[in-house]
Structure formats: C-alpha cells, structure tokens
Amino acid sequence: MPLLATRNLTKHFGGLSAVQGLDLDIDSGQMVGLIGPNGAGKTTVFNMISGFLSPTKGQILFKGKDITGLPPNRIAEKGLVRTFQLTTLFTDLTVLQNVLIGCHSQARIGLWQDLFHTASVLKRERKVESKAMAALEFTGLSEFKSELAGNLPHGRQRSLSLAIALAVEPQMLLLDEPVTGMNAHETELFMGRLERLKEKGVTILLIEHNMLAAMSYCDRMVVLNYGQKIAEGAPAEIRQNEEVIKAYLGSGEVH
Amino acid sequence: MLSKRWKVILACFILALLLILVPLLLNDRYLHLLIVIACNIILALSIRLIFLAGELNVGHAAFMGIGAYTSALMATRLGLSFWLCLPTAAIVAALVATVIGFLALRAKIKGWYFAILTLAFAEAFRLIVTLWKGLTGGATGVLDVPAPYIHIPGLPVVDFGPKLNYYYLALALVSLTWVVMSRLEHSRFGLTLTAVRKSDVLSESVAINTIKYKVIAFAIGCAFAGIVGSFLAHYYYYVSPYEYTLHQTLYMLLYALFGGIGSLAGPVFGATILTLLPEFLRIAREYEPAVFGFILIITIWLLPDGLVGLRKYMNKVLVRV
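Here the protein sequences line up with chains A and B, keeping their order.
So the first sequence is numbered by this note's numbering: it starts at 1 and just counts up by one.
So the second sequence is numbered by this note's numbering: it starts at 1 and just counts up by one.
The hints are all genuine.
Just the calculated beta-carbon pair ranges, DEER-fashion:
(1) A:A119 <-> B:Y237: 43 to 49 Å
(2) B:L318 <-> A:T94: 24 to 30 Å
(3) B:W178 <-> A:R126: 24 to 30 Å
(4) A:A134 <-> B:L276: 49 to 55 Å
(5) B:K198 <-> A:G21: 36 to 42 Å
(6) A:G64 <-> B:I297: 55 to 61 Å
(7) A:D23 <-> B:I91: 47 to 53 Å
(8) B:K4 <-> A:E129: 19 to 25 Å
(9) B:C12 <-> A:R196: 45 to 51 Å
(10) A:P2 <-> B:R311: 54 to 60 Å
(11) B:L80 <-> A:T94: 46 to 52 Å
(12) B:R311 <-> A:K78: 43 to 49 Å
(13) A:G29 <-> B:K198: 32 to 38 Å
(14) B:K4 <-> A:G64: 54 to 60 Å
Just so you have them, the derived chain B footprint on chain A, three or more residues with Cβ under 8 Å:
(15) 77-90
(16) 96-104
(17) 112-122
(18) 165-173
These aren't lab readings, by the way, just hints derived from the structure by calculation.
Just so it is clear, CB atoms sit at the ideal spot from N, CA and C, and this is done for glycine as well.
Kindly generate the complete structure, drawing on both the sequences and the hints.
Here you go:
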C-alpha cells in the first residue's frame, strides 16, 4: 500500500483545469520529485494534498485513509506536513520561537494547566524545547536560535522552514521548491539533510525546478504538464523520455 | 543590592499596599473614579486579548451588555445572589461569543469582515434589548438591581452600600484579569495566539487549529466584558440599552491603543490616563468625543506603539545623547 495516493485528482479554476485526473502513488521511505514546466499544476497538487484547496474531483489517501477535504491542521496532525514556495516564517519572532510553534501538536496539554502553570507544563516545555533544539541542530541553525527569523539570510530561512516542518514530527514531507535561491553549496548541504531524513524513514515529495538537483537525489520522478502526468519513473528513464524533453524544450523554456 | 526578582516582588508588594490602603483616605468621588478605572482596565485588557488572536471585536460593549442584562435579570426576576449572577454573566457572554465566533470563522469571515460582523451583532443586540420590552424593559431598562452583600453565618453582613467595598471588589476583579491575561500571554497558549495572528496559513500547516484558538480568545475576552457588565449593573443599580453602544467599544479600543497594544501594561496605562483625563476637562465636557478623537489620531500618527512605546523611544534618544 502506498503511503500517499491520489485518485483521479482534478482541480478546475473556472474554465481552466489546473490539474486533470492525476493518479499518484508514493511509497513509504522514498524521495520523489514532482517536476514540470511553469504552470504545470505542481503547487496546486500540493495545495490539494495539504488541504489548503479542495479538489473539484478525486480522492487523496494517506496511509490508506481518505483525507480529501480535511482542513490543513488535521492533515498536518496526521503526519503529512508541507512547506511553502515563498518562504513563510514568523519573521519577527526568534528562530527558536518559530520552531517551538512548530512543536504545537506535542505541546498541547490544556488551557487550565497553562493558566495555573503546573509542574507538568514546565516539564512539557523543557521536553518541547529540547526537541526544537534538535530540529535546529539538524538544520544547522542552533547558533542562530535567538536571532529574529526575518534577519536570517535567504538560504538559512529556507532551512528554518524545514526545521519548523520537522518540529511537527512528520511521517511525510511535502517540500515546495525547497532549494530555490540557494547557492550550490547550500543546495548540497540541504539535499544531504533530506537524504538523512529519508534514512530515518521520512517520505519526501518535493517540487523542484532545478532538474539536476532533483535527478541526482530523487528515487523517482513524476512529470506534470498542463495539469496531467506525462511521465513517471527513475531519473534515468525521465532523462530519456521524449514527452518530457518536448514539454521542457518544446515550450521554448530551458531549465 | 537586591536582585531583580526581589525588586519586582518588592515593587508589587508596595503597589498592592498602596492600592489597598490609600483608598481608605479617599472620598466617594475619587473612589467612584477608581472603580471606573478598574472596569475600563478590564475592558481594555480583554479587547486586547481578542486582538492578540488577530481579530477586532467592535461589539465588545454588547458582550458587556449581555453580562449586564444576564446579571440584572437574574437578580431582579429570580432573586439570585450577585455571587451567582457574576460568573453566570461571564459564562453567558462567553457562550454567545463562542457561537458567533465559531460560525463566523468557520465561514472564513475574518479580519475586517469579522470586525463588521461584530459591529452588526452589537447593533442587533441593542435593538433586541430595546424592542423586547417584556424581558428587558425596553428603553427604560432594568431598574432596582440589588447591591451585592456577603453574609457568612457567624460574621457580620458585609453590605455593598459604601463605595469602598465596591472598590475592593473592583480591585479583586482587575487583579484576577491581570493574572489570567499575563498567564495566558506568557504560556504556550500566548505563543500559539501570536502564531495565529501573524500567519494563519503557516499555523495551519503546523497542525494549529486556528479557528479554535481564535474562538477561545474571543470567548475569554468576552467573558471578562460580561464580568464588567455584571459588576456595573449592580454598581449603578440599573441597566439600559444606551450603555452598551459602539461609542463604548471605541473608547475601549482607544484605551488599549493609546497605552500600547504590544504589552499588558499598555491598556492599563491607557485606561487609567484616559479615564482621568475628562475629570480635568470638566468645563469642556461636550467636546470630550472630539478630544478623544484627536488623541486617537495623534496616537496612530506619532505613537504607533502607544505610551509604552514612548519609553522605548526615550531610551533610544537617551542612549544617543
């Protein structure tokens, strides 16, 4: 059974069909790249899977259960966590606070305990903070924990996005162009971290424009064009695929 | 040298002593003023809590009215004790807020639309209490709301005829509000509210139920408005629809904004100063709204962080000098 599956997933915006009858199967423990030219519908797919958009038609299954139409917070709670294409952070909070917010689902005890500041709250906060620090350690941000998130350079902000998502303790990550705007060194570091996450058993689906990065790290790739899946397979197969070459080159865009 | 912690404790102790002892020397006029200040502080702090969740409650006065009418009707029609009416008023206001908040936010009514919705609710409340004469007494309101009293068998009855007793009750309520608000703000709940206010998209992506948190903040804020409503109903011995209007809400917002919405101390300073101000402008009574409007403009223009922000600004200037 695939960890994440979509069946006939379709989204129309008025007359425009952004995604058309998409069937995806993502197996547990894989890193899968979702690629395609601009406007192919990649982010729309993400928005539907993560609950920010409801599909016009079709089904989304996570761990075999139908999650279609659930609100985003319920989907994140189930262990399916996303990041955003445009860096989305709490810019005027500190790096640590950003990640602590990400720990929300493990930090809940209740309003009453918070109000009376019981011993269990203190214990919980200590536990949560060490978890947050672990996420910062992993993304190489622990020395910037007291810095305001908005003051970090772009590459580190992208890493912080990942740290926030990791704080939710995801079983599967949806990363929307995570290495955009990073230099080669930063990209390599970042992709290395994703590899390590994969080894820990986190399944990853990522949208990527940088074909080279995607090809060298992903186990499988799915190619979208005009909202439809035109190819699927190992990177080596995708590289040879006529349809894919046409989609990328035929459009006059070179990536 | 005392450590910082002890300094804070000592300052709190002295402040508490002053708040308890000084009123013993004051006459009724000043006691009344202190009571009104206490109520305005509670209102400003509670409207701020809702603001912290990212929503503007333009109907705060109506929730105060719900508390006032609940309490007044329970006391006059059912003859129930004030000590039962007060918590019930808070609960009723919170329940109404929960229903409205949940329905509105679930339908994705937020931001300016939420503000307009609460405004419409406040107007609806005013019309309902004015027109439903059988229950609320219409424009006349509910009269002869009894004063509270404490009767513990074996001890003399504490009667709330003298203003001093009301003052101590108001002081207790404002302290309760302060403790609850600061606990909430400096806990995980406060951090989550901040997250919800700054970005509900990112909050939802980390499994935060944004609607739930906004509704909780709205309900708690309105519960405190209900408490003030109940208190004032018994303090003034009557309630009428003219006390709970948009005008009142705007004053509450002004207290919070003028003092500075960024900290708990802001609304306390704002409410205190702006409640005292009209006392010194007695001759210009009819211009009061104009003066307050002017203060609002100046605040937004020159003091976006309120009075509390002024201190930070002064620090900066002093450092430069």
